[in-house]
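Colleague: Each protein sequence line maps, in turn, to chains L and Y.
Per our numbering, the very first residue in the first sequence carries number 1; after that it's consecutive.
Per our numbering, the very first residue in the second sequence carries number 777; after that it's consecutive.
These are computed hints drawn from the structure, not numbers from a lab.
The C-beta atom is built at its ideal place from N, Cα and C for all residues, glycine as well.
Do not rely on the hints blindly, as some may be mistaken.
[To be verified] Covered by chain Y, according to a simulated footprint, are these stretches of chain L (three or more residues, beta-carbon under 8 angstroms): (1) 198 to 207; (2) 362 to 376; (3) 478 to 492; (4) 741 to 752.
[To be verified] Cross-link-like lysine-lysine pairs, in silico, PhoX-like; alpha carbons within 25 angstroms at most: (5) L:274 to L:299; (6) L:22 to Y:818; (7) L:649 to Y:818; (8) L:439 to L:22; (9) L:649 to L:429; (10) L:514 to L:548.
[What the hints assert, rightly or not] Here are some chain Y residues pointing at chain L (derived, C-beta under 7 angstroms): (11) 780; (12) 797; (13) 810; (14) 815; (15) 879; (16) 882; (17) 883; (18) 912; (19) 919; (20) 921.
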Amino acid sequence: MAARDQHGAEAPWDQGFRVVGKENRKVDGLSKATGEAIYTDDIQLPGMLHAKMLRSPHPHARVLSVDTSKAEALPGVVGVLVGAELPVRYGVIPWTPDETALAVDKVRFIGDEVAAVAAVDEDTANEALDLIEVEYEVLDAILDPEQALVTPEPPIHEDRKRRDNISKHVELEFGDVAAQVEDADVVIEGDYTFHSTTHAAIEPHCAVAQPNSDGRITLWSSTQITHYVHRALARVLELDPARIRVIQPCLGGGFGGKSDPFSLEFVVAQLALKTGRPVKMLWTREEVFYAHRGRHPMKMHYRTTAKADGTITGVDAKLLIDGGSYSSFGLVTTYYSGQLLTGPYAFPNYRFDSTRVFTNRPPNGPKRGHGSVQPRFAFEIQLDEVAEQLSIDPIEIRRRNFLGEHTETVNGQRVTSNGFMQCLEEVEKASDWRERRGKLPFGRGLGVAGSMYISGTNYPVYPNKMPQAGVQLKIDRSGLVTVFTGGNDIGQGSNSMVAYLVAEELGIKVEHVKVVAADTDLCPVDLGAYSSRVTFMVGNAAIDGARKLRKQIVEAVAKNWEVEPRDVRLMDGTVVDLSAEARSMTHVEAFHLAEEMFDTLGSTGAYNTPTLGGDYRGGTIGSSPAYSFTAHVADVEVDTETGRITVNKVWVAHDCGRALNPMIVRGQMEGSTYMGAAEVSLESHHLNRFGLHAGPSLLDYRIPTSVDTPELEALIVESIDPEGPFGAKEAGEGPLHSTIPAIANAVFDAVGIRLRHLPFTPAKVLAALRAKEEQA
Amino acid sequence: MRVFRLHVNGDPVEVAAPEHWTLLEVLRYQLGLTGSKQGCDKGDCGACTVLVDGTPTLSCLSLAATVEDQQITTIEGLLPAHRAAGGEGADPLQESFDESGALQCGFCQPGMILSAKALLAENPDPSAAEIKESLAGNLCRCTGYTQIYEAVLAAAKADMHAAISTDSAKEVQS
Ligand code: FES
Ligand code: FES
């Protein structure tokens, strides 16, 4: 069946790739460079109202009453909304619907949404917020995950089956880890901490809703998941989904921060229905910091056992995950925190015990490298410690434990292509590792780390057997091919990717492909831009759809020329006859012939994953049709006077299967590595002891400027995956992971201290240096 | 409300807006010039950068009332100015940002390109360090900046190339 077709990694025409692998421009690049591209906040509709949100000043409280009468009386206020009007619960994971658009009974973090006002302008809406009177019964707040673990009362979510503050617990063991301790030549055990960080996309969240006179409603939203927002809206507004249209305009960055349905989407939609007017809500930067869904802070304990030659015999992990106030993707996060560690190294024995707890902090969710960046940080440092203990070169120990390709991990994940060894080789060479590691002057060092990530997952969030990705192709008599895809281009370039693949498959020029994306009225469903699934899944669907059309075109031309179909070749918009007679026509003429023969031309394409995953509860979460692999080497300097760590340079080698456009792949690798490096010592989503954000601004949160960013060198490795679209795998999240431990390991090489608790502040560096001196 | 008399991308414009509105608000919500972006509204991100008499300026921190006598260039002004000067396509910086893959989500880019435009106007042959320094007020969350530096360098090179060929063309003519 089409949905499970394998399209192969080779070029569709015998002359090799014409589009794929080239540094083509992006389909929307110039429109973004000229200011023509429309983002959600750029949408202005006649008569549009502006809405604002009233937020909780308490981290945990019961909402006893909300009185909006004074706000409603303010001239210029057109609509007011409170939680009781939208009581239906939702959540991106259908098993854990614990959010409401506005607080119904309780608020669970400072910033939780309580009421909303739509007015003629933002100033009036803000003024009206001050007039809303809310009576709270303040409850004890739990801000520390350790406390959440041992404090069942008060439960932050009261109406669950379990009366405690545990959001999810997963314990899985493969093999027998305890049995390895006795026979091990080396046992390394330790604690590691990953702090809270956030996405900080430069575009703040924004949504605009327009009520249509036919009773339908249109929502434009800065989302990465149009389809899930569509479903959630239908559920919460209690509307027929066929009467709702969700559109994602250009998106100003996501990184996982726009992968949940957010309260503003429901609120503008309901206010639009209520007032009969278009309504916009644009969150302030401060509100975005509270909306969060950032990287889960984790407290991690790892024990690794190994033989004298460096071979790992077992890994035992216990993780405490701070979920913040809602479930979000938490069920998946808890699995990912263990399930994604089982490569690029082979573990014969593995156990993880992960507990996600609720706290009265802004909800955590998926940030680039969802759930697996934190364990990777801990484990790659621990592996370095094993190497150090055994006096094995850190790159060498990673080679010795290589998982291999076309194999299975200890937790039952099928691994196909695997270019990790080449990644190691690339960073080793580029960084001049052999000459420099361990030989640089005191204060300067090199560190390495490796990682693996998914290219989508076969767990489709809500259970169904329909394709995960679909496209539709339409052919115009002008020769233009329009591709409709539900895929969300969030800046990663997925629309360009679709255009390249369709152009390649049909043998036409990229400028003859137009992509219409992420509009639920027009486009077939795709599940969205998360879990690095878009290139793999939408890409395969695009090839599937284009291949069907190509067959018709070739057949029509062959019939016209009276030659065999194999003698018809399309290339760069020209159709040539490969048989004796040399002749050609344009692709437009070929399209016309095909339309004469087959009537109006069009096709659909789809992709679904093969059946994957271990045969146990949760075995499909984290199983992917293909895995990407990464290695980083970092070059750092540590100032022993000030404790400041400066990252001079990071080399990143990433196995992306096939680079469909090396320029875009490089951008993803550099952007990921930049973002990882930023988490080491600059960025911290820090709350004070009252649950208030310490500095909810880009400046205080300290996202790196150009002068704070280390020099980055991207080295593309192509393992050519047998099932990826023309061999491609993901490149957008994997190359973040090992940045952080590579820097930590480089600090060890530089000054001999093992930093295990992020962020690496100057104070921590100085304390570790002092402790080391005292020991000596 | 008051009427502002502005000079935007070479056009004299009269526009009514609340007295306290920033230049960014007037540009985006009153003139429909939404190319200038708002990432923080408090001077941190640089997405709202426009040129005021050629100087990169944060329009979210500038009251519209304070720039009435000055020439404002927004991202929308570059391509038409380039065409008016006899050029083809978009401004060379816009082209090189596109060619270098510097445009991911694109949200920072209007501000980034205008900062780069001001840099090249002042220093047509900047070093990598000078480019880095001059873009430090424009945050990009997507690229890690590398392809942005490449774009500016490429544009500088193309500009120099164009300047040299016009010079030699002039020489040939004279
Ligand atoms: S919007 Fe002006 S600096 Fe961020
Ligand atoms: S391209 Fe997205 S913020 Fe710069």
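Colleague: Do at least three Cβ atoms from the region 198 to 207 of chain L come closer than 8 angstroms to Cβ atoms of chain Y?
Modeller: Our answer is that it holds, as 6 residues pass the Cβ test (under 8 angstroms) against chain Y, meeting three.
Colleague: Would the pair residue 274 (chain L) and residue 299 (chain L) pass a check requiring their Cα atoms to be no farther apart than 25 angstroms?
Modeller: violated (46 angstroms)
Colleague: Please work out if residue 439 (chain L) and residue 22 (chain L) have their alpha carbons no farther apart than 25 angstroms.
Modeller: It is violated: about 39 angstroms lies between the C-alpha atoms, which goes past 25 angstroms.
Colleague: Classify the hint on residue 883 (chain Y) as holds or violated, based on whether any CB of chain L lies nearer than 7 angstroms to its CB.
Modeller: holds (3 angstroms)
Colleague: A closest beta-carbon separation below 7 angstroms is what the hint needs, so does residue 879 (chain Y) meet it against chain L?
Modeller: holds (5 angstroms)
Colleague: Once the shortest beta carbon distance from residue 919 (chain Y) to chain L is found, is it less than 7 angstroms?
Modeller: holds (5 angstroms)
Colleague: Assess, step by step, whether the Cα of residue 649 (chain L) is no farther than 25 angstroms from the Cα of residue 429 (chain L), and give holds or violated.
Modeller: holds (14 angstroms)
Colleague: Regarding the hint that residue 815 (chain Y) lies at the interface with chain L, is the smallest CB-CB distance below 7 angstroms?
Modeller: holds (4 angstroms)
Colleague: For the region 741 to 752 of chain L, do at least 3 residues have a Cβ located nearer than 8 angstroms to some Cβ of chain Y?
Modeller: n = 0 at 8 angstroms, threshold three: violated.
Colleague: Take a quick look at whether residue 514 (chain L) and residue 548 (chain L) sit within 25 angstroms of each other, Cα to Cα.
Modeller: holds (18 angstroms)
Colleague: Can the hint on residue 912 (chain Y) be confirmed by a CB-to-CB distance to chain L that is less than 7 angstroms?
Modeller: holds (5 angstroms)
Colleague: Should the hint that residue 921 (chain Y) touches chain L count as held when the rule is a Cβ pair under 7 angstroms?
Modeller: It holds, given that the least Cβ distance between residue 921 (chain Y) and chain L is near 5 angstroms, below 7 angstroms.
In summary, the numbered hints that this structure violates are 2, 4, 5, 6, 7, 8, 11 and 12.
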